[in-house]
Structures are given as structure tokens and as C-alpha cells.
Amino acid sequence: MSSPTLTERPTRSTLFDGLSRYIPIGATVALLAAMYLGGIANYPNFDNPQLIPDLFIGNAGLLIVAVGMTFVILSGGIDLSVGSVMAFSTMACAWLTVEAGLPASIVVPAVLVFGVLSGAFTGAIIHYFNVQPFIATLAGLFLYRGLTLQISDHDMSIRDIDFFSWGMQRIEFGDPRDGGFSLPYISFIAFGVVILAFIVLHYTRFGRSVYAVGGSEQSALLMGLPVARTKVGVYAISGFCAALGGVVAAFYTKSANPLAGVGLELDAIAAVVVGGTLLTGGAGFVLGTVAGVMVMGMLTTIIAFQGNLSSWWARIVVGVLLLAFILLQRVLARSGEKRKG
Amino acid sequence: MNLASPVQTAGGGRASAYFKRLMWPLIVLAALLIVNIAVTGFDFIVPSVHDGRLGGAFVNILRRSAPLLLIALGMTLVIATKGIDLSVGAVYAIGAAIACQYILNGDQSALGVVVTAVTLALAIAALIGAWNGAMVAYFGVQPIVATLILMIAGRGIAQLITGGQIPSVADDSPFVSIGRGAIATVPVPIIIGVAVFAALVLLTRTTALGMLLESVGGNPEASRLAGIRAKGITVLAYLIAGICAGLAGIIGAANLGSADANNGGLWIELDAILAVVIGGTTLLGGRFFLVGTTIGVAIIGTLEVTIINVGLSSQWQFTAKAIVVFIVAMLQSPEFRAWILRPFRTGRPGRTPAAHDPEKAPAK
Amino acid sequence: MSDEPIVQMTGITKDFTGVRALDGVDFTLRPGEIHAIMGENGAGKSTLIKVLTGVHSPDAGRILLDGEPVRFNSPGHAQAGGIATVYQEVNLTENLSVAENLFAGREPRLGPFINFRAMRRRAKALLSDIGVDLNVAAPLSSYSIATQQLVAIARAVDIDAKVLILDEPTSSLDREEVAVLLRVMRSLADSGCAMVFISHFLDQVYEICDRMTVLRNGTLVGEWATADLPENELIGHMLGREVETLDALDRRRPHDRPAQSTPLVSAAGLGRKGAVAPFDLDIHEGEVIGLAGLLGSGRTETARLIAGADRHDTGTIAFDGRRIGGHSPRTAAARGIGFCPENRKTEGLVGDLTVAENMILAMQASRGWARAIPPARRSELVAEFIDKLDIRPANPDLPVRHLSGGNQQKVLLARWMLIEPRLLILDEPTRGIDVGAKADIQRLVAELSDAGMAVLFISAELDEVTRLSDRIAVLRDRELIDILHEESDMTTDRIVDTIVTRGSAE
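Protein chains in written order, with my numbering: chain A, 1 to 341; chain B, 1 to 364; chain C, 1 to 506.
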């Protein structure tokens, strides 16, 4: 037989496949735009140029934590401990500076390093001892909440520490009366995290390994990818982001609340899912997560503008949104399977 | 990593599997009880009778653990199907809210109103459970995601029902006795807990439901091809979990005399999952152990009291729970057991030998 | 070609909790040769490969690579040492693009960042080297399994492997694809790469391999040059018994076709888009119908439609002359159609449940969960079938995953025999099981059919199909092209002829 050549076109059209990947994120962005336009149409002052920046500022902590969560979920895992880790690092910042009298310039990096190490430890447990992420991070959820409460069971103010006034100093972009707005430093931290996460996920070997492990861990292992490093890495990143979220919260609130961030892990997971990332791992975008966080922030803003709506409506609407996005993903997945035959 | 699945030596079916899974939880529970008895004396475990009602530290633990037990039992069935139900805490709040709100709108002391309220709450809880089950079975949504929806939205719904208030039921309403009353000196919550446990054991083990649940959880596709109504069975498991959660909410609300939509049953889904896992049912589905779950609930309940009894502040509760989760996870991990036992095993090569043997054999 | 071995494994021993999988096995691989490892399932082929690639570490023995002792502790580690593996199941990640799969872990980079353009260009070149032309930016999931397999091979080729291990790579490839693969293998071998080839297809082994190492029950039988070992001797070495077992399975005495009786099952225009084109097929009581065709020809799909495992979107299916609506595994079982799917582990058995529970599953399912089979009746039935089918170990309470492939298949058969079906659909029931169990199952099919049961039988081994079938439905390219029914047509040659002539006619 002379050398045969095999040519195969994708069974699904590349166009469809390329597009279908972007449908969930497109829907999120469309929803965000619709909410914003709806807000402008219905409420005076909704078009205030400071509104969007304020969304970023108010949700900077959630955004940072959700970015870390995106890594974990893309790799096929889940991290329930982020809310507790965040509260713990805020509390640690407060206690170490106020009670122990350490300089904030040492405390903050130390807290961030701690976040990385605790995440890496969790990741190591998950990988080497084959413990389910749900259970391993559940231990973290209890542990760090417990430790936070043991440090202090009441609010601790850090208003007197000069360092923490740095975060809310603002940079002005134009005059507020001419459509300008201002952003505090913490929002740049959040932007930085997002950009860094985007580059790491899409343009580095580590990032592609995260997708590969989320696609099939077994295959990634047999392909010789550094599965252990990847899995430990995503939890370390999530731990870092949670700790950084805690530091940003310290900047933002200037106090440490032992019950801060209860249920934050749910908000983060919801934001990631609404942002179009598959909870099974392997598919999604960090920019989708940004859109997901914005949708949730916008929702709260609209409810605040409406005035007569109670806060619980936010929860119900987030639930409905989750439902809609999950069903959308199911429909897309099914149509993909059908095309594949 | 399933690359190496060592063939276990033959022998022993159900009985030995049961014993193996239950041994560790039983040891932990015994250890906790011994610690408590050592600190507070035998009064801890021996029930006493006050005002025609069983009391004593251990009985109180059981009484207070009843809602967790109910939820954990329901959760066991769901986990057996390879699922998980994160919404039970929210359903707890909804059940409590419906019952209290309905009673407040009627005659608080009328038994009929209370019965209707409880029935209504249970019906709605069952409906929510069925909804979760349908999402999982018919729409193919991952259980963790499907139930996340109601975990997030559920408390909002509960607040919607109570209008953001915390409805309180008068102390003389028959409703309150569901939480605080006693029949033949035995506290009502314990009776309900035992009754539900017995009912579920009977339901799953005298019928084929248990085996079919394990089959569906162990291998859904094989179960479908064997002609099992996998979807119906999955929905049934979630439905039972919903009813259990609603009932737990009712007991909790009756005990407090009020329904707090925000904080009622907070974290209870995590405690329930923990109890199930402690009890030897793995989150991967398949084999399930209702007895194990019950022991798990007792461990969690006893743990909270133990912390106080050994003189630690109540803030230690979370930390202690974290330690329990950690220990259980480690004990159930074959990799960990192999790792920890390695130094004690002689004559067996290690699992992680050096990359290349340092001593190079003479080439050629 | 140097005679200095590139891989030398000596005295390799591996135990799995009490079971000895390998016992002092030696294996030598020389540069530029294609070396087959032959043996029945359970002979220790895959364990040997996994020891070499670092998935398992040996309990005893040593491995020399290029004359130096090595010990790999992970596939990645082995890969770095120059040993690459392509497995039967495609071990790539479907969510990433073809190019990313080819270069995962070693992507071309600019500084710390992946150079996607260079990666795609190199991927394109790499694939065209082995005669495959794909859109490398498309996700791997958009290609067929066979193509994914070729991508996996391309990846292994590119890793600059000194040793390439191919573990059943051809089992999901069609003829053309196999030709591509064998050509690639030959050219790689000519350039000095040593290859280990594991395949059930003896013709491929004889076509491509230079040497063979035969294993049996975890021990080494011997090593031969392919030219020195005729096929019948090879089979004798693999089986470790004389080939009489196979001879005993003469062609089954054909049945007298029931005259114009109502067919038990009658499919008319039954089809499913993307799976199999509409076909007509009647199955009578007591009849064994073989489904023959190459892999991917629609055999399994045909069986699944008749079994109700997949929904049909055209045509009708009638049972006892009455049309069935809402055909599903459950309703099929209720009518007496039993279906043993192709993949025992993922679609057949529930590994955690015991032998007994797996056996009664279909019977219990038909009764509904509320009516459990009484324990006494249950143990009686289970004991009866363990005995009848000679299931070993004969312990009904053992989790079924601890059984060997052949015994698992028997448990699956028992599940359906318990409901006394009128039609039994067997999709590759003899795949990957040892010859003894194979013979048992073939005999059983003959017995069941003699007792009046209809059987739809699928096997990749055509002689097995010809031996058992009264009629043979031949499939090609997802289409039922002919039904052979003359006694003289029940030959392998006739089936192959049918496939080839019908294929070229269109």
C-alpha cells in the first residue's frame, strides 16, 4: 500500500465550536449591558460615571477571590475555604498590627505568604492523599473561621494604622462633573490580579496545564504534565487570592470582623459559574468571572436604587441567574454532543 | 489515582464491609465519650429524669442533634446516588418559615392549624427536593451546581415568606412541643429522629431501594441499561432529603419557638455532609451506611459539648470540627494510610524511589 | 542495527496485595526493532508495560535503559527518560486544541509565554509528517476517536522517544488508519526508534513486528523472532494448552429456519442519525444472528437501537408483531430483551456491588424497588447461576470488580438469563477474556439458542461469528448492507467479500 494520507475535518464546524465556547460569556456581558441600560432608563443618577468604578471598588475583594476560585474550578476542583481564609487574613492583619505592634509593611506580605502556603498545603493534601477537594477545603473553611474567632470574637479597628489608609487613596480620572471618575488603589490591585490571571491562564504552560488537568486529570498525568505541581499551584493561587482579598478588605473597611466573608465562597462560585466557567473544569475564562462579579454587583446596585426592594431579592435573583446559566450550559453541551453524533 | 487498583483478598461481603467502615467512627465516638466521662463523671452518659422528661448531658446532645440527624440521613441517600444536596440548610429555613408563618396567621393554639402548617411545610420541602432531583436526573445538571441554586436563593425565599421578620410562636402552641415536648419521658425530637431513622432503614433495606440507590450511584449507565428507573430513584432520594430538611427545620423552629430565615440551619449542610462522610459513605456514591451517619451525627454533637467540658472556649468549635474533618479525610485516604504505615513495613520497597539509581552499573 | 539492547528488564516481579502479576519476567528491546508482547488477558502484558513506564514500581528485578539502571516513578519521568506510551484509550484532553495536545508541557515559548503561532505551525508540520492533515487549532473533541489516537501517536513520536510503547493502539482504528499507523511505525523503526507493540490483532503483529515476547500467567514463556514462530505455535504458547479448546468449538449445527412464523423482533427502517442508517431486520425465536463489520461500521449502534439503549429517530420496531412505542432498556427488559453492552465495566456492571447484587439487578429492576426479591429465593437463584456458569470465585458476596474479565462477563450474562429473556443481545461478549471463558460463552450461546432463545451476537472475531450464527447481518460505514443466510455463506471470506464488494460498488 502506498503511503495513505488521512484528512479529517472537525465533525463540528469550527465556527460553531469557536462560537459556542463564547456563548455563555457573551450572555453574561449582554446581561450586564442590559442591566446597566435598564438602570439608566429607570433610575435618575444611574448614569453617574462613578457608578461603574464604585462597582469595582465595592466588589474588589470578591473579584480577587473569584479569580482565585476560577483557577481551582478550571482545574476541576472547588475551594470552600476562601471566605474563612479571607476573614482570617483581615483579622491577622488587624491583630498583628494593632495588638502585636508589628509594622504593616511586614504583616501584609507575611499574610499573603501565609495564604499561599495554606493553599499549597490544602492542594498537597488533595493531590497526594487523594482527598476530595470538597472535604479538604471544608476543613479549611472550619479551621480558619475558628482561628479567626479565636483571635477575636468582635470587630477590631485598624483605623489607627496609617498603612491601611493607603488603599483607599484615589486617583482621579477627569473631573467628576464632566464625566470623570476616581479609583482607589485597591481597584488597581484587583485589575492587576485579573490581568495577571488572564496572562497566566492563557499564555503560560502552567495555565494550559490547569485546563488540561480540568479536562482529564488521568490524561494529563499520562501526557507527563506536572499534575501535582498544577493542582498544588491552583490551590496556592486560590489561597493567595483569598488572603489578598482579606488585605483589600482591610483597606476597604479599616476593621476586621470575625464573621466577614461568611458565604463568600458561594458568591465566588456563583460569579464564576455566571461568568461561563464549567464547574466540571476545563472550560471557561477569567474575564467571564469579572463579568460574573460585575453582574452580581450590578444587581445589588439596582436593588439599592429601587429602594423599596428588600435585600433578599438579590439572593433570589442570583439563584435565578445561576439557574438560567446552568441550563444554558446544559443546552450548549447537549447540542455539542448531538453534533458530534 | 486509579492506575493501580490492588485486588483485595476475597471474603466477607456486607458484614465485614460494614464493620470496616464503622470501626473508626465508633472508636472516635467512644474516645469522645470517655473524655467527657473522665471530665464530668458518669452523669454525662446516664440519663436523668426532670419534670417527667429524660435529661442529662448525653440525652440533650441527642435531642439537639435531631435536626442534624434528619438532614444527614437524607443526605446519605443523596450521596449514595453520587449526588450532594447543598440546599438542605436553605430548605431547613424555608420549612421553619412556612410552619411558623402559617401558624401565626391562624389560631396558634389550635392543633389543626399546627398539623396543617407542618403538612404544608413538609409538602413544600418535598417539592423543593423533587425540583433538585429533577434538575439532576432530567436536566443532567451536576448535583453540586443544581443544589447550589437553592442554597443561594433558598434563604431569600425564606425571608420572602417571613417578610424579613423572625416570626415567633407562642409558648403554649402545640407546635412548640415538637421541639420541647416529651412522650413517655422521651423528648419528641429524639422520637422523631429514631422514627425517621427506622423508617429509612426499613425503606431502603427491606425493599430493594437501597440496592438500587447504590447501583445508580455506583454506575448510572449500567443501571439504566439494566432497566432501572434511575431517574425516578434519584428524584426520590432528593425528595426524601428535602422532606428530612423541612422536618429538621420544623423541629428547630419548634425548639426555639421562632424561625430565623437568615441563621436557622446555617452551616447545617456542611455538618450533615461531614456526618455522612464520618459514617463511612464516600462522596463518590455507591455503598451507603445509615448507621454510620447516625454515629457521625453523634460524634459532631458530642464534640461540641466536649469542647466546653474540657474547658475550651466555644470559639474552638470550628477549629475542632476542622480537625475532625482532617482526621476523617486522612483515615479514609488509602494513600495516606500507605504513607503513614510505610516506615513500619519492612522488606517492601518504597513508593517514591530515587529518580535514577545513584549507583550506576558499569556501562556495557 | 546495533545488537546492544536499549531496554533490558530482568527478573521483574510485581505483586498486588497477594496476587502475583509478574514473576521474574525478562524482557529485552533492541534499537530499531518492533517488538510484540503477546499473551492472553491477565498474562501480565499491561503490568509489564506499566512497570517500564513508571506507573508501577517493581517489587523485584531491575531495568536497564541504555545499559544504565533506571527506576521511573511516573509516566512523566519515563517520558523524560525517552520512553513514550500511547494507550488504547486516548489519553489526551479533549477540551484543548489539537496543537495544544501535541505540545502540552513542552510548548514553544517566547520568554515565559507560549508562542501559539509557532506551536500551530509545528503541529501542522508534525502531523503532515505522519500523513495526517487536521485543523490544529480546533478542539480535539471535534475529531473522531481514531483521529485522536493518531494525534496521541504524533505526540509520542515528537517527544523524541528512544522507546515508543503502543498499547492496543489499533483497536479503535479502521483499516486505512491502521495502514497509516503501521507505515509510521515502520519508518520510525527504520530511523532507529525501538517500539513495543501490543495488539490483539495477530495479522497486524505478523505484518509489522520483528520479534515477540510471550507471557502467560505473569511468567515469561519465551522470545522469538517473528519469522521463527508460526501462528499456531504462538497461539499454543499464549494459551499454554493445546489448541484443542478452539477445535472443540466446531461450527454449531444450524437451525431449521422456522417457517414464516411471526418474527420475535422486527425492525423496519430503524435508524438513528449519525449512528446507523435505517435498516430492516427480523429476528426469530431460537435464531442466532451475527452482526459483522469493521469497528465503527455501526454494529454496536444497531444492537443498541434494538435493545432500546439509544432512541431511534426513524422507523419502527415491533415485538411479537406488535409495534413498540417508547422503546427503552426498561421496556425492552420487560418484553424479554436482555442487553450485554460492549463495555462491561462502564456500562455493564456496578463494580462496588456484589456478584449476587449484580446478577439480580435486571430482575429486581423489572419488579420495581418496592418488591424486593425474597432473600431465600435470591440466594437460591444466585447459587444456581454461579454453578451453571462456573463463575469463580464462587462467592456471591464478593464485590464484582474483584473478578476477572471472563467471570465478570458471566455475571452479566447471568443477570439477563435470570429474567429468562426471549432475545439476548451480546455486544462483544468475548472481548478481552481468556480462551477458557470464551469457549464457555460460545457454548452457552449455542445452548440458549437450542432452547429457543434468540441471540444477537456481535464480535470482532469473524470466525466466532461464523461459527455461531444462523444468519449474519453485514455492516459497513454505518449501514446494513447484506444479510447472509445460506449455510455456505457462513465463512469469514464471504463476509469480507461482502464488505469489500459492497464498499467499492458505491
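In case anyone wonders, no lab produced these hints; they're calculated from the structure.
Be aware that a few hints might be false.
As the list claims (entries may be wrong) - Computed beta-carbon distance windows for the label pairs: (1) B/Ile34 - A/Leu309: 51 to 59 Å; (2) A/Val331 - C/Arg117: 30 to 38 Å; (3) B/Val49 - A/Gly58: 41 to 49 Å.
Stated by the list, open to error - Non-contacting residues of chain C with respect to chain B, defined by C-beta distances greater than 12 Å in every case (computed): (4) Arg30; (5) Leu126; (6) Asp313; (7) Thr331; (8) Lys345.
Think of the CB as a built atom: it goes at the ideal place given N, C-alpha and C, for glycine as much as any other residue.
Now the hints, each set against the structure:
no., hint, in the structure
1, B/Ile34 - A/Leu309: 51 to 59 Å, "54 Å, holds"
2, A/Val331 - C/Arg117: 30 to 38 Å, "34 Å, holds"
3, B/Val49 - A/Gly58: 41 to 49 Å, "56 Å, violated"
4, Arg30, "15 Å, holds"
5, Leu126, "28 Å, holds"
6, Asp313, "19 Å, holds"
7, Thr331, "8 Å, violated"
8, Lys345, "8 Å, violated"
Violated hints for the displayed structure, listed by number in ascending order: 3, 7, 8.
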